[in-house]
Each structure stands twice: as C-alpha cells, then as structure tokens.
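Residue numbers (our numbering), protein chains in the order written: chain A, 1 to 324; chain B, 1 to 427.
Mixed in with the good hints, there may be bad ones.
Stated by the list, open to error - Restraint-style ranges between C-beta atoms, simulated for each label pair:
#1 A:G28 to B:R269: 23 to 31 Å
#2 B:Q361 to A:E98: 45 to 53 Å
#3 B:P358 to A:D140: 58 to 66 Å
Said to hold, decoys possible - Beyond 10 Å from chain B on every Cβ pair, some chain A residues (computed):
#4 D70
#5 G72
#6 H79
#7 T139
#8 T231
#9 F262
#10 T318
FYI, nobody ran anything at the bench for these hints, they're computed from the structure. Please read all numbers here as calculations on a predicted model, not as lab measurements. We put the beta carbon where it would ideally sit given N, CA and C, even for glycine.
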Amino acid sequence: MDLSGAGRALRCAAVSLLDVQRLCRAFGPLRAVEDVSFTVRPGEIYGLLGPNGAGKTTTLSMICGLLRPDAGEVRVDGHAFSSDPQRAKSVMGVVPQEIALYEELSGRENLEFWGRLAGLHRAEAGRRAAELLEALALTDRARDRLKTYSGGMKRRVNLGCALLHRPKLILLDEPTVGIDPQARANILEFVRGLTAAGSAVLYTTHYLEEAESLCHRIGIIDHGRLLAEGTLAELRERLGGDRVFVLEGDLRQADPPGWPGFRDRFRVIQRSDSQLVVAAVGSRDPGVCLQELLALPVKVENVTLKRPTLNDVFLQLTGRDLRE
Amino acid sequence: MLRVLLAKDLRRAWRNPLPWLIFLAIPLVIVALIGSAFGSRATGDSGLGRIRFAVVDEDDSPLTGLLRGAASQAQAGKYLEPVFLERAVAERQVQDNQLSALLVIPRGFTRDYLTGNHPVKLELVKNPAQSLHPAVLEELLAVVVTGLDVLKRHLGPELAAWQAVFEGQGDYRRVAELIVRAGDQWTAAQSHLDPLRVTYAKEPREPATEETAPLPTASTGPPPFNLFGFLLPGLAAMFLLFLGNNAVSDLKREFQQGTLARTRTVRQRLFPFVAAKLVFSVVMLLICAGILLGGGGLLFGVAWRDPGAVAALSASYCVFAAGFMCFLGALVAGEERADAFANVIAMAVGLAGGGAFPAQQLPGFLRDYVTPWLPNHWFTKSLHDLLFSPAPVAWGGVAVGMLVLGAGLAGLAAWRLQRRLEKGQGA
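For reference, chain A alone in the conformation it holds in the complex (with noise of 0.2 Å):
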C-alpha cells in the first residue's frame, strides 16, 4: 500500500472531500504528527484509529484549522483550507472529544445557538434543532438545562452541534469515549446514517470495535505515524489472510526464525514468554497448517486457530496491544 504517492493523491483529489498530504506538527521536541496522508471520500466512514497520544487529536485539530501544520495540506471539497479556511469551515462539522457545550442552556438552545453561529437564520436553526432533537430521541428533554443530562445525553447533544447547518464533511474525534454500551450503539447507528446523504466522515478511535463495525476505511496511526490504511479485509490480508494461529505454553527458550523451514511457512505476529501469535504464509490449508505448528520444536501446550481482529494487525505492526 504506497500511503505517500503524489499520484494517487492526484486521483484521489478529485473525488475526495478531505485530502490530507504529508502533515506534520510537532511541539518541541516532540513529533506529534509525521507525514500523514489520506483522503475521506463522499458517503465513506474514514476511522483514524490509535492508541492515546498516538496522534489522532492533533491531526484532526489541523485539519480543522485548530492547529496550523508545519507541514503539509488540506484540502477541503477540491480546495486547499489555506486559501479560504471559512470556506473550508462551512463545509465541515466537527464534533470535538470533550463535550463543548453551554451546561446553562437547554439541549434546544445549545442546538439552536450552534446553528445561528454556523450561519443559520433563527427560524430555520429552530427547524434543524427539532430535527436533529428527534433524531437524536431528544424531543422529551429538549427544555431541560443540558447540567441535567446523563453523559450519553451530552454526548448526543455534542454531535448534533456538528449537524446543523448540514455539513459535507464530519469530523468526529472519540464521539463515544466514556459512555455506557447502550448510548454507544444508538451514536454509532447515528453516524452510520450521516453517510446515507453522501456526507463524509472521518471517525477517530481508540475503540477496536468501532473502527471494525463502523468504518469503510481504517488507517492506523501510531507515535503520530500512519502505519497502514485500508479496508478491514485489506488491512486482515497484510498477515496473510483470514485466520491467525495461537500457541500457548512454555516459550522463554524458543527461537522461531531458527526452528528449520518456520519463517518459510509463517510469519510472527507477536511472542512473549508463554504465547506466540503467527499468521500462515499463503492461503494453505488450516489443517496443514496446524500440523507444521505441532511439529515444532517446541512443546506447545494449546494452539487456537481465530480470525484476525484489527488488534493482531495492530500488534504486527507496532509490537503492542491496543488495549494496553
């Protein structure tokens, strides 16, 4: 996957509501974004996803105009944020991590207040805020202060601030962090519908699950670097397919890359002490595959066949787990 090539963010320009090419920003010594590039499409949910502090904050906060870049651009539908930032700013609708709302307010009056600030007439803003009320299963608490609401409340009220004056482009950073299961489901189900009106969406994560279930396209970033992009079935493909194998037991004195014929056939995923994580080379046969593993110089004490979740492919890339 060529993340960089100046000829695919050519092709992809034209049809992409966000580019972003080559951004960096660091602060001091720190290198908190290095090189990132992708591009969001139309219609398309777009998942940064990472680790905190990995980076996912700082490069959304550029692409917003949050931050200036020290390198690098953004393209907002077809045109740099640079040359027109409140162009840029009227076609996309950020929903930030923190809830960023007046707790004085009413849920109606924060929708209201947004939308009159985004550029909308009073009475059309009181339109959309009863829309996205509904939409949001708001309408009953819609004149309580907004101090009353439970944290899955705030959070629907914080993204449909973003909403209002019906944005190309939805910038939604870590929308669900801090709510229970429930009030999960409905904003995801909730973002999986802005994409029906062709609006694009770029989603940042930490959440494995997420990513998987929501996202068209995922890029994993870590220490402020893009790793890898693609579909979940691309990104499963980089450790060669849909199945990864598991092996447990006393491992302190094994050396795979020297057991003969092992790095021919399969491909470490991650090892510690008492288990090793590898991916088979090819599309061979589980059941030959499994066999090769148990003739291994080693003795294994439970090897399990699943399929590859976003955190083996994580853990291949960068050597950690997602979830540490």
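Since chain A is already given, all that's left is putting chain B on it; use the hints.
Only chain B this time, still in chain A's reference frame:
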C-alpha cells in the same frame, strides 16, 4: 453574530447568577454594616446618633448645675445624652461599653475658676472600645474649655466677685450691681455676636425678600450628609471592577471548557467572539451598576440629586471597568492565574482610588501621586460631589475621560486576546 453571542452569554448569566450576586451583595452588605455601625440615624442631621456620656459633678456648685442643665436641654439634647452618676458607677458603665466617655468636674472647680487662684482642669475619660463618639466629645469639650478660658481672660475681676455671690456672701445690693453690669456687658457684646457674620445652613433656604434678606453667608449650604451615600460610590466602583473581572473570566472559562475552540471550528474570525465578550461585560456592569447605585440608593435612602449625571458617569465607568479588566485578563493566560492577578490589581486600584477609605485618609504618596490618576477615584469623587457639594459639578469631562480610556483598553485587550488565541496560546 454579536447579538447571538450576547444573547447566549446573558442567558447563561441569568441561569447562573450566583457569582454576580456575590459581588453585588458584598458592597451592599459592607455599606449596610458600616452605616449601621455609626447608628441607625446615619441618614439624619448628625450622622452620629446621640452620644451618651456620664458627668461626674464632684463640685456640685450653682455654676456646674447650670452647665448640667444646659447639656441636656434644647439643641445640645438632640446630640448629647448626658447621665449624672457617681464616679465608680460611671467608670463601670464605661467599661461595660454603655457610655462613650465620662466627664469629671473636680471638687473646687467653680471656686478656682472664678477666683483664678489655681488653674482648673476638667477630666475626660474616653471609652477605648469606641472611636468616633469619644473623639467628638473631646472636640466639644475643647470648645467648652476654650470658651471658659476666653470668658476668664475678659471678665477675670468680675468673675471673682461672682464667687462671693455663689458662696452667699454678697449683700443684695452687691448682687444687683453685678447682675446689672453683666446685663450691660451682654448687651454690648450682643452687637458683635448677633447676627453672626459667617454662618452656614443645612437646608437650602427659601429665597429671601429684599426686606428680610440676611447678611451674605459663606455658602448657600450643602445637601445633608448621608453616610451610606458617602460609602456607596467608592465601594460600588471597586466591586464593579471585580464584577468586570467576573465577566471577562467567562472568556477564559469558554477556553477551558472547549466552547471557544469549537467556535473556532465554525468561524474563522475571532474578533466577533472577543468583541461580544467585551459588550457582554459592559452590559452586565451596567445592570450591576444600576442595582448597586439605584437599588442601593433606594435601600439606604441616598437621594441622587442629578440622576442623569449619575447614569452617564456610571455608564462611562462601566466601559472603563470592562476595558480595564479585559486588558488585565489579556495580559495573563489561564483562568486561575489571570483571576488572581486581576483581582489583586482590582483591589489595589479600588483601595488606592478611595473605594474603601476616603481618599483624604490615604498615605501621602498615594493620595498625592496615585489616587488623582485613577478613574475609579474620578468616578467616586464626582458622585460624592453630586451628592454633597452645593456647587455645580463638572462631570462631563470625567465621563468622557473614562469612556475614552475604557474603549482604548478594550481595543488593546481584544487585539492581544485575538493574537493569543490565534497562536493557540489559550485565553
């Protein structure tokens, strides 16, 4: 846009009024406490209430009897409340804070005074737990002593003769001569004493007709003093600075809670946001000034003689307070640090401008070189003049000065805040 932002902030302030109410209540409570400490009649003529003190008459002569009677009658009785006690009882009551002072007329006072054989002394024991009433009594006693001294110097030989009368030694013919002579001397002195050439009036008088026009007086008479009215402008000026800081801090709160950053994802230009905060500060200060000076005035019986001038001065001062506190807020980043910095400066400026103590009572350097340059002093002094000075008050220049200064500081603050926010340095 400005209207949308302003409406949002006003609604938020209305829904969370506690911080505003605290800063509104404090000056009103201070005014009420200080005013009450000087008696419930602080709005009356004296502003002090009646001064209760003891007279211990160890001499018990006809002359001291006359003095005792005079102290408790007529005009003196309006201000003074003498009680006549034994010394031990009086001292106990002073210790119990029931009396402001005790005045001792020593044995032999009349004889020594009239004959001039020995210098005479009156003894005043002040209550250390009180400050103002004993001081007033001391001043009054100084006047009495000066009067007695003047009498003694001018009527020395005559007074010696009166001693014999008081002791019952003069015959009736001698007494009659003394009375006639005293009457002649009083008649001669009356032309010098009545009417007084210099006097003052506490209330403006009706215009006099030509026939009844009195001799020219030193002035037409100041309005009645009102202690609450004296305290209110200074404290209001100081606490309007604190209220201004509260309004400006809202910008920093918006930065902390992420709503400012969210605004920047919607609007490229920050100026409307900063300008709206400035306008919000001014509007809130105008409301607070109305409550403090209007409501406080009604509460404490302060009669603003020129409400239009008071309103104009207050509006100008609100612009200054908002601009000044915005400027201070723009100098320091971070809500807590900026809050502490601005509050300390506001208190210093408030005190140096005569917010808590009369400017005349401040240390010399402050009074002469700092206070005159402080707009809160201009504001306080102008309101004091409007309240208590009978002369016309030139308040227009003060109002314009505060307005221009406030607008200038607000402009500087907006420029600096916008620059800092654009650089991502925080509010």
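Verification of the hints:
At roughly 29 Å, the beta carbons of G28 of chain A and R269 of chain B sit within the given window of 23 to 31 Å. The beta-carbon spacing between Q361 of chain B and E98 of chain A, approximately 50 Å, falls within the hinted interval of 45 to 53 Å. P358 of chain B and D140 of chain A have their C-beta atoms about 60 Å apart, which keeps the hinted 58 to 66 Å range intact. The beta carbon of D70 of chain A sits about 13 Å from the closest Cβ of chain B, which is more than 10 Å, so the claim that it is off the interface holds.
Distance check on G72 of chain A: its Cβ is at least 17 Å (rounded) from any Cβ of chain B, clearing the 10 Å threshold; non-interface status holds. Every C-beta of chain B lies more than 10 Å from that of H79 of chain A, the closest at about 14 Å, which supports listing it as non-interface. For T139 of chain A, the non-interface assignment is confirmed: its Cβ lies about 21 Å from the closest Cβ of chain B, beyond the 10 Å cut-off. Even its closest Cβ contact with chain B, about 29 Å, leaves T231 of chain A beyond 10 Å, as expected for a residue assigned away from the interface.
Against chain B, the non-interface label of F262 of chain A holds: every CB pair exceeds 10 Å, the least being about 51 Å. With a minimum CB-CB distance of about 29 Å to chain B, T318 of chain A clears the 10 Å threshold, and the non-interface call stands.
The structure is consistent with each of the numbered hints, conforming to all of them.
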